[in-house]
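**Q** Residues per chain are reported as follows:
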Amino acid sequence: MELDPVVLARLQFAFTVTFHIIFPSFTIGLAAWITTLEGMWLKTRNDRYHDLARFWTKVFAVSFGMGVVSGIVLSYQFGTNWSRFSEVTGNVIGPLIGYEVLTAFFLEATFLGVMLFGWDRVPPWLHFCACLAVAVGTTASAFWILSANSWMQFPTGHEVRDGIAYPVDWLKIIFSPTFPTRLGHMVVAAYITTAFVVFASGARWMLAGIAPENAKTMLRMSLGILIVLVPLQGFLGDASGENTLKYQPVKVAAMEGVWGSEEGTEGPLPWVVFAWPNEAEERNDYEIAIPYLGSLILTRSLDGTIKGLKEFSEDLRPTVAIPFFTFRIMLAMWGIMMLAVITGGYLWYKGRLFDSRTYLRLARFLWPIGFIAVLAGWYTTETGRQPWLATGILRTADAVSPVSAGAVLTSLILFVVVYGIVFSAGTYYINRLLKVGPHVRTKGEDEDVSGRRPLSGAKDVGREVIEAGE
Amino acid sequence: METLWFTYYLPLIWAALIGVAVVLYVLLDGFDLGMGILFPFTKDEAERDQMMSSVAPFWDGNETWLVLGGGGLWVAFPQAFAIIMPSVYLPIIFMLLALVFRGVAFEFRFVSKPNHRKWDVAFALGSTVAAFCQGIVLGAIVYGVPVEDGQFSGGSFTWFHPFALLCGVGLVAGYALLGSGWLMMRTEGELAAKAKRWGRPLVIALLAFIVAVSVWTPLAIPPIADRWFRLPEFLYLLPVPLLTAGFAWLAIRGVEKGKGPQTFLSTVALFVLCFAGLAISTFPYLVPRSVTLWEAAAAPESQLFLLLGAVPMVPIILIYTGFVYWTFRGTLKPGEGYH
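So the sequence lines, in the order shown, correspond to chains A and B. Heads up, the first sequence is in my numbering, so the first residue is 140 and it goes up one at a time. Heads up, the second sequence is in my numbering, so the first residue is 67 and it goes up one at a time.
Please note that the accuracy of each hint is not assured.
Just so you have them, the derived chain A footprint on chain B, three or more residues with Cβ under 8 Å [stated by the list, open to error]:
{"id": "1", "stretch": "209-221"}
{"id": "2", "stretch": "238-249"}
{"id": "3", "stretch": "349-357"}
{"id": "4", "stretch": "360-367"}
Heads up, simulated DMTMM-like pairs for lysine to aspartate or glutamate below, C-alpha to C-alpha not over 25 Å straight-line [as the list claims (entries may be wrong)]:
{"id": "5", "chain 1": "B", "residue 1": "K179", "chain 2": "A", "residue 2": "D259"}
{"id": "6", "chain 1": "A", "residue 1": "K449", "chain 2": "A", "residue 2": "D424"}
{"id": "7", "chain 1": "B", "residue 1": "K399", "chain 2": "B", "residue 2": "D110"}
{"id": "8", "chain 1": "A", "residue 1": "K311", "chain 2": "A", "residue 2": "D377"}
{"id": "9", "chain 1": "B", "residue 1": "K325", "chain 2": "B", "residue 2": "E254"}
{"id": "10", "chain 1": "A", "residue 1": "K446", "chain 2": "A", "residue 2": "E421"}
{"id": "11", "chain 1": "A", "residue 1": "K385", "chain 2": "A", "residue 2": "E298"}
{"id": "12", "chain 1": "B", "residue 1": "K399", "chain 2": "A", "residue 2": "D259"}
{"id": "13", "chain 1": "A", "residue 1": "K311", "chain 2": "B", "residue 2": "E367"}
The hints are simulated quantities; they were obtained by calculation from the structure and are not laboratory data. Where a beta carbon is used, it is the ideal one built from N, C-alpha and C, also for glycine.
Please put together the full structure from these sequences, using the hints given.
**A** Here it is as structure tokens:
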């Protein structure tokens, strides 16, 4: 079989970016959560917040490291695997990534040192500031990378000369029309992802009787923010979809499995719950659909219509099945989230949140739900942009480096192996930290005992870990 | 006229900035990679903790300069980036994978105690391979990259030649020497004494490497020989070897007396001089002898746009980086850490 360098390069990028996105989606929210905890500790001097902040900092340390190293890989892959892309879009996207490095990467990476190791070296307010700097850094990073990605989705503010993109208006490049809704959608997604990890961990600790007071704080804080954010995400997602319909109609047609007809697609449109998109015949097989709902969602009217896939020339359509299914997976995750949040809110209102063991038992399995939704959402938007890498400027197939298929295959295999090892180890260690729970300060134990001597903290953890392992 | 001014000076400014980023990277990440290279030379658990702790608060910020160096090359010289990266595909990928292992080892080693042996290996091997690959990349670029129609035209192993491998070994020795200087400065007890012992062969290895490369380069690459040995250029360039000799002597004395700062700073000076020598030898080419700074440059408006951000941001970054180093000042006693 002939190896296709384009397919291999795409597989490699998909793999490395999938691995990477998991960590920022977690650490953006985690940094904000730790900063909030520490702020509340400074305000109330309640040790519960302090102990939680210290505990989650350990989890943050393990996951942030994986995020950093997998992010460095991506920045070099633009050159190693997508050199044509670097050349064609470098003038426009390059500076956005440059700003990400200057305003975000350095901030988070440098203050991480203080955040992780500075507990007893700097006064609490300064430690709080370091956490805040890390949180600001992670969010600023999301700002720039989404700006660059949005420009690739729907480029504005540039001109193309001799096949190379040149900047004309930087504000239009940074704030391209798909950017604001996508940024909101992603940052909220990151917060939701983290909140569900915290929520599930709280449920786990409640059930196991680990640090119950801290667990209650976690359940309250995470459920509190989820009650606001999960419904809000519905609106943001809808706004993002509406925006996509306006600027990338073919993507929406693929997401919704609307084939229509070449002469124009007539409403009313049903909403397809399930189908098997059949590209050869240009129709859906085994379709289950709800009448009128498609028109209602997409056009806010009962008989409105959108452009169907057949109205676009075949070489301008994405592979339909991927965005179609990943979009549905994302929606399903949101549905489960809504269910969990509504039930949880009701139990909380009735004062039974901490006692309902059935609910907690189910809740403890919700930790990966945000990750699944984020990945499914990114697959939808990225595969829905195909066949373009930068819409209208550069096709994915034309963007690869002059590197042999063998070299790309070798590196792909190595990435799978190495990331497999690192990921399993990281998940294992985070799980082990969660199993042990926080170090809860008892009365009379002041800060001097808990960690003024640098290594004592490490020994405690080591001991706890050993005990937990038995 | 204004556009001409921009198109002439902006690439020069950017080349200088990327040069600064690379030097800062070598200066900052060099010693913490060096820590990993030296890791296998002590079996003592407390000393290993001490070594790792001495760099743990800084490594992440240090490595960001690598992103700025690579990212800066893309932003300012997309054409050079697009030629160089595919030409050293495998060494770059191996470097990245090695950095993954050593990067996660910092936390993984700590949380997996007492079963952390595998992360000791990951840290040591990852650091060494990363340093070796960086040397290969540098050597391969200096040696020359085949280019046709503005694209890399070589194969997967074009970079694989003795000169590049020698540069890889040289960089490993150099980083290890920076690491031993750092340990002399920042640790106490038996480890500082060991660092002094490790320093001696390392400084000799580094100097041997500098001499070997200095002899090999003009022999293998005639245009460089031309530049080095022609009058009056020869006289202008003379300070480089003289200063190198001076700092080499200081580095040797530093190691012999166990003076950390002197060893560290004179090794840094040697790195800067090598880098300056390299820049002088290849200027005005960015991809040696095929693509110049100006040919590879991004659109001036792109270079200017990021420069406007870099001018305030780089000093701010240096200030807060300084603050973090100051927060973790002082020496670490055996077995001490920050965790």
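**Q** Hint by hint, note whether the structure agrees.
**A** Each hint tested on the structure:
1. 209-221: Answer holds; 4 residues pass the 8 Å Cβ test.
2. 238-249: violated (count 0)
3. 349-357: violated (count 0)
4. 360-367: holds (count 3)
5. K179(B) with D259(A): Given that 25 Å is the threshold and the Cα spacing comes to 22 Å, the pair holds.
6. K449(A) with D424(A): Satisfied, since the Cα-Cα distance of roughly 16 Å is no more than 25 Å.
7. K399(B) with D110(B): holds (14 Å)
8. K311(A) with D377(A): holds (23 Å)
9. K325(B) with E254(B): holds (12 Å)
10. K446(A) with E421(A): Holds, at about 14 Å.
11. K385(A) with E298(A): Holds, because 21 Å separates the two Cα atoms, which is no more than 25 Å.
12. K399(B) with D259(A): At roughly 17 Å apart (the allowed maximum being 25 Å), D259(A) and K399(B) satisfy the hint.
13. K311(A) with E367(B): Given pair K311(A), E367(B) holds - Cα atoms ~14 Å apart, limit 25 Å.
In this structure, the hints that do not hold are numbers 2 and 3, in rising order.
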